[in-house]
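Protein chains: 2
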Amino acid sequence: MARANAFYAQSGGVTSVINASACGVIETARKHKKQIGRVYAGKNGILGALKEELIDTSRETNKSIAALRYTPSGAFGSCRYKLKAPEADDREYARILEVFRSHNIRYFFYNGGGDSQDTADKLASYSKRNDYDLSCIGIPKTVDNDLPFTDCCPGFGSVAKYVAIATREASLDVASMCETSTKVFVLEVMGRHAGWIAASGALAQEKIGDAPQIILFPEVPFVEAGFLRTVKRAVNSKGYCVIVVSEGVRRKNGRFLSESGSKDAFGHVQLGGVAPVIADMIGRKLGYKNHWAVADYLQRAARHIASATDVEQAYSLGKAAVELAISGHAGVMPIIKRVSDSPYRWKIGHEKLSKVANVERFLPKSFISQDGYGITAKARRYLEPLIAGEDYPPFRGGMPQYVRLKNLLVEKKCPVKW
Amino acid sequence: MARANAFYAQSGGVTSVINASACGVIETARKHKKQIGRVYAGKNGILGALKEELIDTSRETNKSIAALRYTPSGAFGSCRYKLKAPEADDREYARILEVFRSHNIRYFFYNGGGDSQDTADKLASYSKRNDYDLSCIGIPKTVDNDLPFTDCCPGFGSVAKYVAIATREASLDVASMCETSTKVFVLEVMGRHAGWIAASGALAQEKIGDAPQIILFPEVPFVEAGFLRTVKRAVNSKGYCVIVVSEGVRRKNGRFLSESGSKDAFGHVQLGGVAPVIADMIGRKLGYKNHWAVADYLQRAARHIASATDVEQAYSLGKAAVELAISGHAGVMPIIKRVSDSPYRWKIGHEKLSKVANVERFLPKSFISQDGYGITAKARRYLEPLIAGEDYPPFRGGMPQYVRLKNLLVEKKCPVKW
Chain H
1 MARANAFYAQ SGGVTSVINA SACGVIETAR KHKKQIGRVY AGKNGILGAL
51 KEELIDTSRE TNKSIAALRY TPSGAFGSCR YKLKAPEADD REYARILEVF
101 RSHNIRYFFY NGGGDSQDTA DKLASYSKRN DYDLSCIGIP KTVDNDLPFT
151 DCCPGFGSVA KYVAIATREA SLDVASMCET STKVFVLEVM GRHAGWIAAS
201 GALAQEKIGD APQIILFPEV PFVEAGFLRT VKRAVNSKGY CVIVVSEGVR
251 RKNGRFLSES GSKDAFGHVQ LGGVAPVIAD MIGRKLGYKN HWAVADYLQR
301 AARHIASATD VEQAYSLGKA AVELAISGHA GVMPIIKRVS DSPYRWKIGH
351 EKLSKVANVE RFLPKSFISQ DGYGITAKAR RYLEPLIAGE DYPPFRGGMP
401 QYVRLKNLLV EKKCPVKW
Chain R
1 MARANAFYAQ SGGVTSVINA SACGVIETAR KHKKQIGRVY AGKNGILGAL
51 KEELIDTSRE TNKSIAALRY TPSGAFGSCR YKLKAPEADD REYARILEVF
101 RSHNIRYFFY NGGGDSQDTA DKLASYSKRN DYDLSCIGIP KTVDNDLPFT
151 DCCPGFGSVA KYVAIATREA SLDVASMCET STKVFVLEVM GRHAGWIAAS
201 GALAQEKIGD APQIILFPEV PFVEAGFLRT VKRAVNSKGY CVIVVSEGVR
251 RKNGRFLSES GSKDAFGHVQ LGGVAPVIAD MIGRKLGYKN HWAVADYLQR
301 AARHIASATD VEQAYSLGKA AVELAISGHA GVMPIIKRVS DSPYRWKIGH
351 EKLSKVANVE RFLPKSFISQ DGYGITAKAR RYLEPLIAGE DYPPFRGGMP
401 QYVRLKNLLV EKKCPVKW
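Which chain is which? The protein sequence lines are H and R, in order.
The opening residue of the first sequence carries number 1 in the working numbering; numbering runs sequentially from there.
The opening residue of the second sequence carries number 1 in the working numbering; numbering runs sequentially from there.
Okay, chain H solo, but in the shape it has when bound:
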């Protein structure tokens, strides 16, 4: 195919390393100017394609693009927006092709989670049906680590590292105060359906019996009596108890321990605030003084303590996406394949989008300890390499220096506005 332009979009909740993938895409495209002209980034993700709001990344300096590697959040804006299924209503898909055609876009890189890979897959089929030559490549991203096939998802390793460190630090705090003050500390972490992030709290432990003594997974139904007994046992034996709780923990009847009731664009219930529910329960039933924290966005934005492994993988997957595209692959997503645990070695593979789309990967049973409150040695072997290495951003005056791009839009060409 003649030299064509590329469209790159960030989708769904952002992470501390999604821009590292963007960096990988843009830097690699810049090295292959014979095949790829310009990389246009969607302003606010796929909305940028619909609204013809295309950010011209060629207007950014090499230095700015390099700085994406250490800048958290979505540098071009992301969105929570699910396209309508093309079978029911194909106007959005048709519009995207109209915009792509107007700007000679023949490469589509979609950086997101399961829903986004589904969209990329549908766009690939739609463009084929409509005789528009478009190479659709997914780039995995999700702090939840719930995509199938890839050994891990960029974004997860850094959240895991954040949660492990926060848990270790807070545990030391509680341990030193528990004689007369706080005896129980509850840290709420992300993870709507899958307990990968909560599991990473266990990496705070240096030896058996260390805090956190309890992890609450979405995969394990919450049973109050057994939970309270375990808290009490921990306080009696160690003087304190640290609990890492996933936002998605549910009772046996399937109800979330805490539901705010509002739903996001994908119809998912928006959660938050299970930590105060747990803390209140402990205060009322056991009488222990307690504290709780809700990390929320802090955990997924914490680029200052990102995992070097995660950053490297995020970048490599962006790079691989471009290399796959220019070598003629389409309808695929590059993935991480683990070669060995220790020393940790990995390589890049790829999988068909149609297989990846809309499959959620939960924490395997073999990763959860028998009592349901911890992780197994197997889980630890899996998790440990993902948090390895530090990759500090540059600092000035005590603050990390994150880049803000110019984000200049390309002139619109479509006769119809959206």
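Quick caveat, the hints were computed from the structure, so don't treat them as lab data.
Keep in mind that a hint or two might mislead.
Copies of one chain are not kept apart here, so a pair can be met inside one copy or by any two copies together.
As the list claims (entries may be wrong) - Derived EDC-like pairs (lysine to aspartate or glutamate); straight-line CA-CA distance at most 16 Å: (1) K51 to E179; (2) K365 to D341; (3) K43 to E179; (4) K82 to E179; (5) K43 to D391; (6) K51 to E92; (7) K289 to E87; (8) K84 to E351; (9) K84 to D115; (10) K51 to E98; (11) K33 to E323.
Nothing here was measured: the structure is a model prediction, and the numbers come from that model.
Once you have looked at the hints, place chain R on chain H.
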């Protein structure tokens, strides 16, 4: 006085740098063996003196003591325990002198906040009245930065840095999602009566208009209508609004926006959970999708991102405490004196404990912007140098390597148990 032993205790809420002060005390005492024999640390603070649970720090290697400089929390245990006033009941004071006499302790280093400096002052008077030669030296510590005379308190600079970085990172996250998702983010930080920590959120701003657009201080009564108007204006102009809220924010009638009702040993109301109150208000009254985080212990334990300035000052104050003691000072607390803002220069001075005790230093009016939702240039000049510099702990396998001491107790000598 003949060579005598020293007693060092950590008091009240711990910080990410209180052990750096301990490191300063012990390393400096080890250099002055002619004047100071052993440094005994109270197990769980002053309780260690009452219970005759004295940790023999001479049993720790130089390497372990050096590692205290980068280990958060209270390595010997801290406590929230206020001694009874000696005028009313002097049994605790008498007991402490009994223990000190038994172990030839003639130096008392008390590392804590206002309440603890008050205790140190009372013990100084009590020992003088009872003809027991005891050199009482306070070492300032409090994340709240609310001690008088000292330009700043060890512990504060690192929390300020944490809050500034967390706010910058979360703000980037919200900015990139606000088109279709979260429009308001609320971060709750510590600060019961004084807004120093909340103020430090403003350091996230790189230029005027940057997030956080709103800071809620305990010093400024919360007025709902004006607050909601300001949130709406921020969302209308920038697309999103980031709010840093101090746990101690109150309405005009003096009631905390959120009160859990329980009280600590000093009779202070234990707070927590104002962020969900604010978020709920915004959701109901303005309809904006929002997220909230409560940093709680994470902020004061976050040694991984401590301020190098803060660490250096914490160490220096511990060192100065010992130097003051061996040069014959007593009843004093070493303090930080600011020499200049930029370049930032400081030196160590000292102040009488009797003047320091129980005085709380609030954010000056001149530090709060006219609308009550931000800080002034003067405040910025004060705050900026305190977060300068990074001082990373050593990492292994992706995790910070904090020291755990042996904490071996000295054999008891007092005939009476406590």
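Taking the numbered hints from earlier one at a time, note which ones the structure violates and give those numbers from smallest to largest. Of the numbered hints, 2, 5, 7 and 8 do not hold.
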